[in-house]
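This is what each chain is made of:
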Amino acid sequence: MSEMKKIKNLKEFSTSADRFEGANLLCPGCAHSIIVREVLNATNDDLILSASTGCLEVCTAVYPYTSWDASWIHIGFENGSTAVAGAEAMHKALKRKGRLKQPDKEPKFVSFAGDGASYDIGFQWISGCMERGHNMMHVVLDNEVYANTGGQRSSATPIGASATTSPAGRVSYGEKKNKKDMVAIMAAHGIPYSAQVAPNKWKDMVKKIQHGLEVEGPVFINAMSPCTTEWKFDPKDTMMISDLATDSLVFPLYEIIDGHKLNITYRPKNVIPVEEYLAAQGRFKHLFKDEYKHLIKEWQERVDKNWEMLQRREEAGV
Amino acid sequence: MADNTMGWDEFEIGAMLRSFDGPIKDIALTPQEERNYSPNNSFTASVADWRIEKPIFNKDYCIDCQFCWIYCPDVSIVSRDKKMLGVDYDHCKGCAICVEVCPTNPKSLLMFPEQEDEEAAIASWPEKEEKEK
Amino acid sequence: MLEIRWHSRAGQGAVTGAKGLADIVATTGKYVQAFAFYGSAKRGAAMTAYNRVDDKEILNHEKYMKPDYVFVIDPALVFTTDVTINHKPTTKYIITTHMSTDELKEAQPKLADKEVYTVDCIKIAQETIGRPIPNTPMLGAFMKVSGMYDIEFFKENMKRVLAKLPQKIIDANMLAIQRAYDEVK
Amino acid sequence: MAFDKMELNEIEVWDGNFAAAQALRQVQVDVVSAYPITPSTPIVEGYAKFLADGYVEGEFMMVESEHAAMSGCIGASAAGGRVATATSSQGFALMVETLYQASGMRLPIILNVVNRALAAPLNVNGDHSDMYLGRDSGWIQFDSYNPQQAYDLNFIAFKVAEDHEVRLPAMVHQDGFMTSHTAQGVKTLSDDEAYGFVGEFKPMNDMLDLENPVTHGVQTEEDWHFEHKARQHHDLMTKVFPKIEEAFDAFEKLTGRKYNIVEEYMTDDAEVAVVALGTSVETAVEVAKEMREQEGIKAGVIGIRVFRPWPFEYIAEAIKGIKALGALDRSSPNGAMGALYNELAGILVNSDEKAVLTNYIYGLGGRDLTKAHLKEIFKELKANADAGKPTTELQQFIGVRGPKLAYL
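Chains as they are written, first to last, in this note's numbering: chain A, 1 to 318; chain B, 1 to 133; chain C, 1 to 185; chain D, 1 to 408.
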């Protein structure tokens with residue numbers, strides 16, 4: 001086991017040498033690359049990476065350019081997790097056989113995928129990777145929508161959001177179902193670590209990524225990734241939206257150890273009304289019409305209930 | 001490097017790309033300026049023409065908090081030895097997140113039209129704002 | 001070319017028996033084939049397995065055959081399936097049953113004009129191996145009827161085929177083979 | 001290395017599946033990523049058991065679908081080691097997306113395909129529907145006719161696929177049940193001979209070379225995609241056959257067993273011949289001999305050993321002088337002529353050979369191809385040869401119950 005990188009504060013963190021490069025083709029203000037940088041910079045270990053088809057993939061490896069300074073593979077939409085699992089299996093095999101080129105190095109295996117590639121089409125593949133116990137981390141860049149193909153709803157799209165396949169209209173308030181609880185589903189695999197993170201809380205993120213890379217076995221990370229294009233906010237506001245999400249508790253930050261023990265890792269000093277989070281994004285604009293205002297109230301109730309559930313689980317300590 | 005005038009027989013099989021020209025040890029401890037980037041690394045490319053406005057850095061007010069560094073999506077804030085040095089204009093897409101997250105008063109980074117002269121911009125830097133109560 | 005058809009239920013070891021026989025025959029420099037008719041059916045379903053033995057390389061992969069021998073290792077199959085299908089005048093039958101050959105011919109008239117040998121492989125297997133797996137005793141009976149190999153040579157080779165099993169089971173199989181060899185009529 | 005060698009008899013009675021599993025053990029495959037499906041399952045079960053018994057060292061990933069199986073193989077292969085798996089039928093169909101990705105990334109994965117029909121209706125038995133589905137996937141496709149060949153061709157496949165001049169994945173086909181579950185005598189190689197023949201895996205652009213990071217599986221726009229696909233096609237068309245010839249020669253030197261890209265049986269003076277794949281080739285050879293002895297028909301057989309790349313020139317050579325050819329397709333053509341018919345027609349159309357070409361659809365879902373069927377076919381071909389034109393419909397179904405099916 002290599003030594004964990006010491007990151008006491010942001011100044012110390014800023015001495016990291018990035019292994020993700022600019023002049024990629026992601027939108028200005030995209031949170032994906034902020035999350036990727038925070039994940040990659042959390043460690044000095046060598047990395048073997050994958051991305052499933054999606055914004056991150058199509059924007060960072062467009063021939064003849066790559067934005068990756070670590071080995072990286074993309075196969076398809078659904079199987080980035082399994083690609084990294086295969087590489088991890090090969091590493092184990094070659095290590096045992098004494099055929100590694102740098103036998104003193106222990107690379108970490110990380111797959112990135114969007115919510116579509118994780119919650120929907122890649123669900124089975126990720127479940128398989130978690131269940132089989134590969135020593136790998138799967139990071140969801142959760143922007144709650146199929147952004148790469150132009151904003152279709154996924155099973156991570158929250159209730160009331162307008163997406164191109166669940167648009168708000170004269171007689172519809174948009175998406176009818178709330179997003180599924182992927183962190184809980186993955187934790188139910190009994191994996192050693194799963195967590196929800198957000199790019200604005202970089203220290204919480206780094207701590208969780210470091211812990212996740214250190215534990216033996218599969219790790220699942222759900223990273224909230226505000227999408228300037230599909231959530232419809234100004235690119236400069238990516239971090240402001242992130243703050244609203246974590247401080248309104250729409251995106252509570254927590255971790256689940258060994259599939260059951262839940263710790264809340266961030267408690268906002270001043271909890272912001274959910275309404276402020278919704279109001280900042282174009283995808284919820286229609287909810288402020290009179291006929292849909294009850295949904296805002298329901299949103300708040302749901303977020304409160306979820307927060308209470310998380311607190312109770314944490315208190316229970318089981 | 002591969003460019004799109006090349007024929008089918010002129011590049012590596014499998015559409016494989018290398019990040020660096022030749023081996024590199026301890027990448028995570030090697031700053032960008034010491035790396036031997038391959039011409040296929042997007043580090044060697046530029047997205048400067050994506051910008052309409054650009055952030056200009058005024059070091060007089062900077063407290064080296066590194067918020068701009070951590071929240072820059074495009075690896076365009078150049079920080080070395082815990083000091084903010086400036087903006088990498090080849091890779092900055094002009095999203096203005098750095099300006100938004102800058103906590104100083106006045107801000108140490110501000111957006112200006114792309115053609116704005118840096119010295120002139122700094123000369124016209126706004127005064128400290130009184131906080132509204 | 002010597003051709004054998006096995007009638008069995010899935011799980012009774014006809015495929016293993018056919019492969020075991022092929023294995024032993026192959027050691028004598030002959031060419032062999034052992035295969036079966038499979039479907040998705042599970043344990044208990046009627047099925048057939050096949051052997052081909054020849055002095056020259058076997059190229060024929062058709063499943064159709066006019067067998068020289070028919071082995072029936074489950075007593076009920078002579079009544080529920082046509083074990084005489086595609087027969088030729090010289091086809092010999094070795095049938096697992098508690099009946100005598102004459103009783104069996106009476107019970108199944110189709111066999112009346114056939115060269116039939118009987119032996120209770122199920123009973124032998126139960127009494128020796130402790131499980132109703134009648135495949136190895138059938139081969140003991142076949143050695144007697146065909147005179148293909150000396151029974152001691154056959155048993156020595158069968159020990160090699162079964163080598164992965166516990167010694168107790170191997171010994172029980174040897175006993176079963178010998179008993180069927182002695183008891184087939 | 002922490003594994004034991006296995007002592008094998010000079011001849012073992014193995015079915016095709018076990019023969020393939022033994023080959024995977026002997027070449028010391030590093031990672032097998034697999035999902036069970038009849039009739040190929042025993043191949044990967046065999047590897048797992050060898051692993052459990054300490055006769056091979058590696059990793060076995062039992063994944064949750066065939067798509068994931070090939071995805072795991074791709075990741076493992078790109079990481080830089082020897083990789084293999086097996087599948088059949090529906091599993092193969094589920095894999096198809098990833099087959100194109102494996103070949104496009106030029107990863108030398110070996111896939112044992114135990115040929116089986118495609119549903120609906122569901123059927124576990126052997127025909128060539130899945131094999132035909134792989135035709136355009138950019139893989140090399142070897143075809144075996146018996147367990148011995150299923151064993152031998154695995155060694156050939158690894159040697160050719162992993163060659164840095166080739167770097168393409170390869171399938172080794174065998175007929176479901178007819179080969180996979182049929183035990184026959186297999187002349188074995190010792191563990192040392194087998195491993196020595198294929199050689200140690202030589203990585204190329206391996207992700208696990210931490211000092212040389214590589215990006216695999218890029219996106220190409222319209223300005224690049226065509227060139228990359230053209231490169232792959234070019235390598236399939238020009239580089240694969242010389243390497244296969246080389247491997248066949250080396251294998252003959254080692255074992256005395258001679259393989260050819262196109263196998264010819266009694267074609268030198270043949271007036272009529274059938275062209276086939278899989279076990280049918282051998283049955284046809286036996287029948288062709290009988291036709292010569294009993295009917296005085298100069299019958300021959302052409303067996304396709306390498307189905308992809310398609311051996312255009314080899315076949316053009318093989319059919320010289322033959323007056324009537326029967327293309328035997330073991331896959332439902334579903335509204336067209338059979339694949340072998342079409343590919344042979346493509347050879348004949350610009351050649352000086354004027355063979356009459358007809359198409360026989362047979363053996364779907366494992367339906368027996370009997371010697372009696374083949375005798376009829378040879379007789380019809382003879383009639384075609386004598387007439388200098390087809391005397392039957394161009395396409396006939398044989399061995400199917402009900403009114404005769406024939407077209408064109």
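In case anyone wonders, no lab produced these hints; they're calculated from the structure. One or more of the hints may lead you astray.
[What the hints assert, rightly or not] Here are the simulated DSS-like pairs of lysine-lysine, each with C-alpha atoms no more than 27 Å apart in a straight line:
hint	chain 1	residue 1	chain 2	residue 2
1	D	K5	A	K92
2	A	K297	A	K269
3	B	K83	A	K11
4	C	K159	C	K66
5	C	K42	C	K164
6	D	K375	D	K404
7	B	K25	A	K6
8	A	K101	D	K5
9	A	K97	D	K49
10	D	K202	A	K97
11	D	K289	C	K66
12	D	K379	C	K63
13	C	K105	C	K185
14	D	K371	C	K164
15	C	K159	C	K185
16	C	K114	C	K144
17	A	K207	B	K83
18	B	K25	A	K297
19	D	K229	A	K95
20	A	K177	A	K285
21	D	K49	C	K168
22	D	K320	C	K66
23	A	K207	B	K25
24	B	K83	A	K8
25	C	K66	C	K164
26	A	K105	D	K253
27	A	K207	A	K180
28	A	K203	A	K6
29	A	K180	A	K95
30	B	K25	B	K59
31	C	K88	D	K202
32	A	K305	B	K83
33	A	K5	B	K25
34	B	K128	A	K236
35	A	K97	B	K83
36	D	K202	C	K30
37	C	K164	C	K30
38	D	K239	D	K229
39	B	K83	A	K269
40	C	K30	D	K187
This one's a predicted model, so the numbers in the text were calculated from it and none came from an experiment.
*Restraint status (C-alpha distance of B/K128 to A/K236 at most 27 Å)*: Status holds; Cα separation ~22 Å.
_Pair hint outcome, B/K83 versus A/K11 [Cα-Cα no greater than 27 Å]_ = Distance ~8 Å between B/K83 and A/K11 Cα, so the pair holds.
*If you draw a straight line from the CA of D/K371 to the CA of C/K164, is it 27 Å or shorter?*
Violated. D/K371 to C/K164 sits at ~38 Å, over the 27 Å cutoff.
*Taking only the CA atoms, is the gap from C/K88 to D/K202 under or equal to 27 Å?*
Roughly 58 Å between the alpha carbons, so the hint for C/K88 and D/K202 is violated.
*Regarding the pair D/K202 and C/K30, is the alpha-carbon distance no greater than 27 Å?*
Violated, at about 41 Å.
*Has the given pair, A/K207 with B/K25, been kept, meaning a C-alpha gap of at most 27 Å?*
26 Å, holds
*asked:* A/K207 and B/K83 were given as a pair; does the straight-line alpha-carbon distance stay at or below 27 Å?
replied: 23 Å, holds
*Are the Cα atoms of C/K66 and C/K164 separated by 27 Å or less?*
Outside the cut-off at roughly 34 Å; violated.
*Is the hinted pair C/K30 and D/K187 satisfied, with a Cα-Cα distance of at most 27 Å?*
Distance ~13 Å between C/K30 and D/K187 Cα, so the pair holds.
*Is it true that the CA of D/K320 sits at most 27 Å from the CA of C/K66?*
37 Å, violated
*Proposed proximity, A/K97 with D/K202 (alpha carbon, max 27 Å)*: At roughly 14 Å apart (the allowed maximum being 27 Å), A/K97 and D/K202 satisfy the hint.
_What's the verdict on A/K97 and D/K49, does the C-alpha distance respect the 27 Å limit or exceed it?_
19 Å, holds
Violation of the numbered hints given earlier is confined to hints 4, 14, 18, 19, 22, 25, 26, 29, 30, 31, 32, 35, 36, 39; the remaining hints are satisfied by the structure.
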